[in-house]
Structures are given as C-alpha cells and as structure tokens.
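Trainee: Chains as they are written, first to last, in full-length UniProt numbering: chain A, 1 to 250; chain B, 1 to 453.
The hints are simulated quantities; they were obtained by calculation from the structure and are not laboratory data.
Every residue gets a Cβ at the ideal spot worked out from N, C-alpha and C, and that includes glycine.
Treat the hints with care, since some could be wrong.
[As the list claims (entries may be wrong)] Selected chain B positions facing chain A (in silico; Cβ < 8 Å): (1) 61; (2) 126; (3) 128; (4) 143; (5) 149; (6) 160.
[To be verified] Which stretches of chain B does chain A cover? Using the computed rule of at least three CB atoms under 8 Å from a CB of chain A, they are: (7) 6–15; (8) 35–43; (9) 47–58; (10) 152–159.
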Amino acid sequence: MTPTLAVFKLASCDGCQLTLLDCEDELLALAGQVEISHFLEASSSVASGPYDLTLVEGSVTTAADAERVRAIRAASRHLVTIGACATAGGIQALRNFADVDAYRRVVYAHPEYIDTLATSTPVSAHVDVDFELRGCPIDRRQLIEVITAFLAGRKPDVPNHSVCFECKRRGTVCVTVAHGTPCLGPVTHAGCGALCPAYQRGCFGCFGPSGSVNLPALIPVLRRDGLDEDDVQRFLHTFNAAAFDEELSP
Amino acid sequence: MTHRGSRVLHVGSLSRVEGEGALHLRVHDGTVTEARLEIYEPPRFFEAFLRGRSYTEPPDITARVCGICPVAYQMSACAAIEDACGVTVDPVIRALRRLLYCGEWIESQALHIYLLHAPDFLGRASAIDLARTHRAEVERGLRLKKAGNSLMELLGGRAVHPVNVRLGGFHRVPTRQELRPLQEELKRALDDAWDTVRWVAGFDFPDARVEADLLALAEPDTYAIEGGTPTVLRADGTETAFPVRDFTAHVVETHVPHSTALHSRLDGRLHLTGSLARFAISGAHLSPVAREAAVAAGLGDPREGAVCRNPFRSILVRAVETLYAVDEALRIIGSYEPPEHPYVEVPPVAGVGHGATEAPRGVLYHRYELDADGLVADARMVPPTAQNQGAIEDDLRRITQSAIAEQDADDDELTHLCERAIRNHDPCISCSTHFLDLTVVRTAGDTAGGCDV
Numbered sequence: 001m002t003p004t005l006a007v008f009k010l011a012s013c014d015g016c017q018l019t020l021l022d023c024e025d026e027l028l029a030l031a032g033q034v035e036i037s038h039f040l041e042a043s044s045s046v047a048s049g050p051y052d053l054t055l056v057e058g059s060v061t062t063a064a065d066a067e068r069v070r071a072i073r074a075a076s077r078h079l080v081t082i083g084a085c086a087t088a089g090g091i092q093a094l095r096n097f098a099d100v101d102a103y104r105r106v107v108y109a110h111p112e113y114i115d116t117l118a119t120s121t122p123v124s125a126h127v128d129v130d131f132e133l134r135g136c137p138i139d140r141r142q143l144i145e146v147i148t149a150f151l152a153g154r155k156p157d158v159p160n161h162s163v164c165f166e167c168k169r170r171g172t173v174c175v176t177v178a179h180g181t182p183c184l185g186p187v188t189h190a191g192c193g194a195l196c197p198a199y200q201r202g203c204f205g206c207f208g209p210s211g212s213v214n215l216p217a218l219i220p221v222l223r224r225d226g227l228d229e230d231d232v233q234r235f236l237h238t239f240n241a242a243a244f245d246e247e248l249s250p
Numbered sequence: 001m002t003h004r005g006s007r008v009l010h011v012g013s014l015s016r017v018e019g020e021g022a023l024h025l026r027v028h029d030g031t032v033t034e035a036r037l038e039i040y041e042p043p044r045f046f047e048a049f050l051r052g053r054s055y056t057e058p059p060d061i062t063a064r065v066c067g068i069c070p071v072a073y074q075m076s077a078c079a080a081i082e083d084a085c086g087v088t089v090d091p092v093i094r095a096l097r098r099l100l101y102c103g104e105w106i107e108s109q110a111l112h113i114y115l116l117h118a119p120d121f122l123g124r125a126s127a128i129d130l131a132r133t134h135r136a137e138v139e140r141g142l143r144l145k146k147a148g149n150s151l152m153e154l155l156g157g158r159a160v161h162p163v164n165v166r167l168g169g170f171h172r173v174p175t176r177q178e179l180r181p182l183q184e185e186l187k188r189a190l191d192d193a194w195d196t197v198r199w200v201a202g203f204d205f206p207d208a209r210v211e212a213d214l215l216a217l218a219e220p221d222t223y224a225i226e227g228g229t230p231t232v233l234r235a236d237g238t239e240t241a242f243p244v245r246d247f248t249a250h251v252v253e254t255h256v257p258h259s260t261a262l263h264s265r266l267d268g269r270l271h272l273t274g275s276l277a278r279f280a281i282s283g284a285h286l287s288p289v290a291r292e293a294a295v296a297a298g299l300g301d302p303r304e305g306a307v308c309r310n311p312f313r314s315i316l317v318r319a320v321e322t323l324y325a326v327d328e329a330l331r332i333i334g335s336y337e338p339p340e341h342p343y344v345e346v347p348p349v350a351g352v353g354h355g356a357t358e359a360p361r362g363v364l365y366h367r368y369e370l371d372a373d374g375l376v377a378d379a380r381m382v383p384p385t386a387q388n389q390g391a392i393e394d395d396l397r398r399i400t401q402s403a404i405a406e407q408d409a410d411d412d413e414l415t416h417l418c419e420r421a422i423r424n425h426d427p428c429i430s431c432s433t434h435f436l437d438l439t440v441v442r443t444a445g446d447t448a449g450g451c452d453v
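Construct the entire structure; sequences and hints are all you get.
Mentor: Take a look at the structure:
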C-alpha cells in the first residue's frame with residue numbers, strides 16, 4: 001500500500017507548504033513514493049482520510065480552526081506540524097500580548113464582523129503532535145528528512161542544537177564577537193544553516209528557541225551590544241514571540 | 001433548451017490557489033444573480049502589530065504576509081519607509097533589488113503556470129498528475145522555477161522570506177564571481193522560458209473578456225517592477241496616472257450593500273491589476289526577446305498597443321513575463337559592478353511614506369507613518385488580490401452567464417469553469433485577509449471551516 005500524505009493549512013502565509021513545492025529536484029520522486037491525498041495548494045483532487053502522514057501549517061486563531069485541527073488529528077496516523085506558526089503560534093501570536101479587540105479596530109472598518117480568538121496558539125496546544133518542524137519558514141532539507149524518516153518508520157534526524165553550531169560549521173566569523181552585532185544565534189534552534197550571520201546580520205530567531213538554552217543569560221549581551229529594553233522585547237517578540245516568552249518566564 | 005430555474009452552487013475549498021477561499025454562485029431564472037468569492041482565511045492583524053515596531057522592521061515582518069511573494073512585501077515596505085525618510089537608493093542598489101524581484105517573478109510565475117494553472121488546460125488535477133503524461137514539460141517547469149529560487153537564494157539568502165534585504169539596500173551584496181554560476185542556470189532558464197511560451201500558446205482558450213479598468217505601475221523606459229507611477233487604462237482606451245502618495249484616494253475600499261466583504265474600487269469602478277494590466281500598460285518596454293515571444297504567442301505586438309483582456313490567456317502573458325524576467329536578470333548580472341557600500345544609511349524622520357511595486361499578482365501598495373523615534377505609528381497595505389476581488393467576481397458572473405446561455409452548462413461544468421475562472425487571476429488569498437467576508441452562508445455539504453476530512 002502506498003502511504004498517503006495530506007497537507008493542511010491554518011492561519012499562515014503559505015510559505016511552509018510552498019517549501020514542499022520548492023523541492024523541485026525531489027518533488028516528482030516524492031510523488032512516486034506517496035499518494036498525495038489532500039494538498040489543496042497543489043491539487044484539486046481530494047481524498048478523505050485516514051492519512052498516513054499529515055503536515056499542518058499555520059496556527060489556531062479561530063474556534064472553527066480549533067475544531068478543524070481535531071478533525072485533522074482524528075484522520076491522521078502521524079501528524080507533523082511545519083513552521084513557526086504551527087509550532088509556536090507564529091507572528092500572529094503577537095496578539096497574545098495585546099488587546100485583540102484593539103487589533104480588530106485598527107485593521108477593520110467593521111470589527112464586529114471579524115471572528116477571531118484572542119490568541120494564536122500552536123497545534124500542540126490543541127491535539128497531540130508527533131513531530132514539530134521549526135522555522136519561519138521551514139528548511140527544505142529538513143522537510144525532506146522528516147518526510148523520508150516518517151515514510152521509513154524512523155525518527156527524523158533534526159538536531160536540537162543552536163544556530164551557533166551551524167555558524168561554526170559554516171566557518172562564519174561570529175558577528176557578535178567580531179562586530180558587536182546583536183544576535184539570537186546562541187539561543188535559536190538550528191535548521192536554516194546559520195543564514196543571517198553569513199549575510200552579515202544577527203540571527204533574528206526564525207526557528208524559535210533551541211533545546212536547553214539559557215535565554216536570560218543572553219539579555220545582558222544584547223544590552224551590551226546596544227539594544228535598550230524595548231529593542232530587546234521587540235527582538236524576541238517577532239516570529240516566535242510566544243516560544244521565546246516561555247523561555248524568559250519558565 | 002430551457003433554463004433550469006434557480007440553483008445555488010458552492011465550492012467549499014478552492015484548490016490550486018494560494019491560501020483558502022470558497023466561491024458562491026446564485027442563479028435565478030437562468031440569470032446569474034450573485035457571484036461571490038469568499039475568503040475565509042483567518043485574520044492575522046499585520047497592520048495592527050506593526051504599530052510600535054521600529055521603522056527598520058517592516059521589510060522582515062511584512063515578508064510574512066505571504067510566503068509566495070515575500071520580496072514584493074519587502075520592496076514595497078522599503079520603498080515606503082525610504083520615501084518617509086527622504087532617502088533615494090543608488091542605481092546599483094536599485095538594480096540589485098530588481099534582480100532579486102526578477103527571481104521572485106520567475107519562481108512565482110513558473111509556479112502559477114505549471115503547478116496551478118496548466119493542469120486546467122489539460123484536464124488534470126495537479127502538476128503531479130500532469131507529469132504522468134507530460135513529464136518533460138513538468139520537469140521543465142520545475143527547472144524554471146528552481147532558477148528563480150536559485151536567484152533568490154543567492155541574493156536573498158533563501159527563497160521564502162529572504163533575509164538579506166534591509167532599508168537602503170542589502171546587508172551584503174554579492175561579488176561578480178558569486179553571480180557567475182547563476183548565469184549558466186539563467187541561460188538554460190531562457191530556453192525553458194521560451195519553450196514555456198510555445199507550449200502554453202498551444203492550449204485551447206475559451207472566449208472571455210475582462211471589462212474592468214487595468215491598473216499597473218509605469219516607468220518612462222522600462223517594464224515597471226520595483227517602482228513606478230500608478231497608471232490606469234480604461235476599457236475605452238483612455239489612460240490616466242496618479243502619484244503613489246494618492247493611492248488610497250483613488251483605490252478606495254467600500255462596502256457593497258449585499259455583502260460585508262470590503263471591495264476596492266478605483267475611482268468608483270472595478271479594476272484589475274497583475275499580468276494583464278502590466279502587459280497592457282508597460283508592454284512596449286519589454287525587451288526584444290520578450291516582445292518577440294509575445295508576438296509568437298499570438299498576443300500581438302505590445303509596441304503597437306497590444307492589449308490582452310482574455311483572462312484565460314493570462315497564462316500566455318505570464319509566460320512572456322517569465323521570459324522577460326530571466327532576460328532582465330541576465331542583463332543586470334551582465335553589467336553588475338558591486339557598489340562600494342551594500343546600503344545607504346536611512347536615518348529615521350517623523351513623517352508619512354508611500355511605496356508601490358509590482359508583485360507577481362499586481363500592484364502592492366504600502367504606507368507608513370513614522371514618529372520621531374523611528375517607530376511605526378500607523379501601517380497600511382493594499383495587496384493585489386484584494387483589489388482584484390471585485391473584478392474576479394465580475395469575471396465569474398460574465399463567464400458563468402455565457403456558459404448558461406450558450407450551452408446550458410450543468411452544475412459540475414459550471415463549478416469547474418468557476419474554479420478555472422478564479423485560477424486565471426492567480427489570486428493569493430493569504431495576503432488578502434483583511435478583506436474577509438464573514439457573512440458566509442454555509443450550505444449543507446460544506447463542513448465547518450471547510451475541512452474535508
């Protein structure tokens with residue numbers, strides 16, 4: 001039996017599921033290994049579950065989506081969340097620290113028509129998740145690894161160390177040490193290949209906190225490198241706002 | 001043949017579009033009385049949480065509005081904030097921005113042509129399905145798309161949400177040496193783009209005509225991509241233009257009486273932005289090879305004022321634009337000399353700035369109000385799909401009306417036709433979320449939230 005693959009989307013930018021279509025060299029080979037049963041962005045042919053492997057992009061921001069994610073879970077043997085929205089609430093989790101009614105009024109002429117929850121939460125806050133793939137956006141190579149691993153029935157080989165390890169491996173000179181550039185690399189989950197320092201800027205935490213980090217220890221370094229308190233807040237409160245916040249107030 | 005009386009058609013989850021939407025069609029006594037494109041993407045509130053952020057942040061943050069056209073958001077944000085701060089970038093930086101934007105055009109247009117749109121013309125559900133009979137063509141499409149992504153990865157760091165863009169330019173600019181391997185890939189892509197034009201020119205195109213005004217940016221001597229003056233071509237052939245700073249005075253969001261959905265109107269009329277509009281307004285500035293392709297594809301000679309108003313033929317225009325973007329990227333790389341500094345300084349100034357660029361799907365306008373500390377006091381974005389929504393619905397109404405009148409199409413045929421009509425416009429629903437229609441009438445069979453599991 002060919003395993004079935006489904007891709008679903010909640011509140012998000014589409015970038016993580018696009019990453020699957022961006023696997024130009026692997027896409028047709030992958031399509032030969034699985035049956036794509038539900039992937040609205042790519043196909044108008046839709047089959048009902050159960051699905052062997054389901055990828056979910058996006059965060060839960062409406063009551064209807066909270067309901068939907070439970071139905072998706074029930075129809076999936078393995079459920080993998082892809083991207084910062086699905087694993088940490090994404091940038092739209094900034095509402096978790098604000099007044100969502102004020103947000104409604106800023107953006108919409110008729111806020112009363114807008115149906116939204118006061119929070120943007122990760123899929124794991126609602127249902128059991130078998131694996132979380134980080135990133136805003138996810139990395140193509142890691143996505144292939146995760147899909148391949150699930151198809152082979154093994155654990156994905158996705159390291160949990162920080163971006164600093166990737167910088168060292170890439171041979172990039174440390175932007176903090178050499179230039180005093182504020183960088184979240186020491187506390188950010190690896191996966192992008194230490195992209196930002198290679199482009200001479202500090203890491204801004206797209207992949208969220210790495211395992212066993214000591215985020216409070218980094219704050220004085222960020223201050224030393226010129227960020228005031230508001231700057232530090234904004235730096236951490238971006239694409240993985242809720243996840244970094246959790247690290248600060250355990 | 002008699003009409004079939006009243007009926008209501010509903011497609012719960014549109015496929016092969018970016019983001020999530022539905023369509024709703026009401027037919028009464030053989031007349032289409034309502035055609036509604038419903039967008040049920042949850043709101044994400046970008047304009048709200050941009051308030052209080054540093055003026056340096058919108059290029060990275062607004063990229064997250066859309067994973068398909070992040071560069072468009074980065075470029076419109078930079079243009080608007082630099083406008084507020086009174087800064088103009090050097091020509092070399094501007095050329096590099098255009099080069100990055102060409103990468104996005106190539107990958108996004110190739111995605112639409114091969115993965116979203118072509119299957120419609122060949123009766124397939126997806127590109128993967130299409131590959132069973134047209135393997136070489138799909139492989140060509142993926143190769144072309146990859147060339148665009150390679151360009152974005154080299155210049156921007158990655159294809160989705162590039163990291164290398166900043167106010168005033170780039171964090172790091174490439175050396176000539178670094179760009180060289182791209183030239184080989186792009187030369188191959190030029191052949192692939194040409195073959196794409198020839199391939200899609202052989203498709204069957206139903207008759208249809210968009211009556212809406214066409215809106216695109218225009219520049220005096222180039223095909224506008226990363227800037228220009230908003231220019232309108234009306235159906236009667238008259239052309240007008242207005243400054244970017246007056247954008248929201250012309251493109252106005254209104255409520256229509258029968259719906260809570262916000263619709264854009266351009267000076268009170270429906271308008272369409274995107275490939276058809278750009279070709280009509282800037283076509284004369286296409287490079288010789290792209291002009292030649294347009295003529296070969298049967299679009300006519302843009303120097304002689306060729307205009308294409310058939311939305312089904314937009315795939316041809318997209319193919320020509322892809323060829324142009326590859327050609328233009330090769331031209332920019334060929335004459336590239338790295339600038340002394342990767343960016344110009346952009347000191348914060350209290351004020352208001354406006355910026356508009358040509359996203360693959362059409363004009364994307366940004367406006368920022370900054371305070372003296374360089375914090376964003378107010379942000380506004382008007383994405384192309386939201387502008388196009390009214391014209392798409394009008395198009396749906398027209399196309400379904402003629403299908404009913406000419407062949408008394410049954411519900412399945414009509415539904416299929418409607419989906420095609422929407423995909424003709426390559427709508428990106430992810431970015432149009434603040435035009436949310438929440439008066440969705442859910443009919444039986446459309447389960448909660450549109451989930452089919």
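Trainee: Determine for every hint whether it applies to the structure shown.
Mentor: So, going through the hints one by one against the coordinates:
1. With 8 Å as the threshold, the beta carbon of residue 61 of chain B comes within range of chain A, its nearest partner Cβ sitting at about 7 Å, so the hint holds.
2. Annotation: residue 126 of chain B was flagged as interfacial toward chain A, and the flag holds, the nearest CB pair being 3 Å apart, inside 8 Å.
3. Contact between residue 128 of chain B and chain A, as hinted, is supported at the beta carbon level, the nearest pair being about 4 Å apart and thus within 8 Å.
4. About 7 Å separates the beta-carbon of residue 143 of chain B from the nearest beta-carbon of chain A, less than 8 Å, and the hint is met.
5. About 6 Å separates the beta-carbon of residue 149 of chain B from the nearest beta-carbon of chain A, less than 8 Å, and the hint is met.
6. A least Cβ separation of about 4 Å between residue 160 of chain B and chain A falls short of the 8 Å threshold, and the interface hint therefore holds.
7. Restraint check on the stretch 6–15 of chain B versus chain A: 3 residues with Cβ-Cβ distances below 8 Å, three needed, restraint holds.
8. Check result for the stretch 35–43 of chain B against chain A: holds, 3 residues qualifying (beta carbon to beta carbon below 8 Å, three or more required).
9. Using a Cβ-Cβ cut-off of 8 Å, 7 residues of the stretch 47–58 of chain B lie near chain A, which meets the minimum of three, so the contact claim holds.
10. As drawn, the stretch 152–159 of chain B meets chain A at 3 residues by the rule of a beta-carbon pair under 8 Å; at three or more, the given contact holds.
The structure shown violates none of the earlier numbered hints.
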